[in-house]
Amino acid sequence: MTRGQRNHNPLNIRRSDRTRWMGQKARQTDREFVQFQSDLFGLRAAFRILRTYLCLYGLCTLRQVICRWAPPEDGNNTDAYIDCVAERSGVRPDAFLDWSSADKLIDIVIAMAWVESRMKLTDRDLVRQAYLLAR
Numbered sequence: 143m144t145r146g147q148r149n150h151n152p153l154n155i156r157r158s159d160r161t162r163w164m165g166q167k168a169r170q171t172d173r174e175f176v177q178f179q180s181d182l183f184g185l186r187a188a189f190r191i192l193r194t195y196l197c198l199y200g201l202c203t204l205r206q207v208i209c210r211w212a213p214p215e216d217g218n219n220t221d222a223y224i225d226c227v228a229e230r231s232g233v234r235p236d237a238f239l240d241w242s243s244a245d246k247l248i249d250i251v252i253a254m255a256w257v258e259s260r261m262k263l264t265d266r267d268l269v270r271q272a273y274l275l276a277r
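Residue numbers (my numbering): 143 to 277.
It should be emphasised that the hints constitute simulated quantities derived from the structure, not laboratory data. Since this is a predicted model, take the numbers as computed values, not measurements. Here a beta-carbon is modelled for each residue, glycine too, at the ideal position from N, C-alpha and C. Please note that a few of the clues may not be correct.
To be verified - Estimated spans, in silico, between C-beta atoms of each pair:
1. 267 to 242: 15 to 23 angstroms
2. 267 to 144: 18 to 26 angstroms
3. 260 to 157: 31 to 39 angstroms
4. 168 to 236: 37 to 45 angstroms
5. 173 to 245: 34 to 42 angstroms
6. 274 to 215: 31 to 39 angstroms
7. 232 to 147: 22 to 30 angstroms
Whenever a hint applies, use it, and build me the whole structure from the sequences.
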């Protein structure tokens, strides 16, 4: 079981003293990553961050989103990350994204969960519920 799976944090969202997430466990034993009560809340947090990227920061392509999510200066192979998410989600790296494209964003989050935690999210209804909770 990967760290993201144990933490119910499929996209490995880092802890921050400034943010308290819905569904975050009261007791946090992982020093780096948020621990959630269930995958639903970990996915919801991921969608909230993506919404911020798209709506507040104006990042409107998969490439822009992933370059911020997993920047190369943090030691990530960002190009490989982009390629994998693009292939698994069917979304081109430079295709326009917006918050209302639920199916595309769900496909992207499912693919990012694979890259981050090797999670095979097969329950699209759960992921869609997290998207809806993030609105």
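> So which hints don't hold here, by number, going up?
Replying inline: 3
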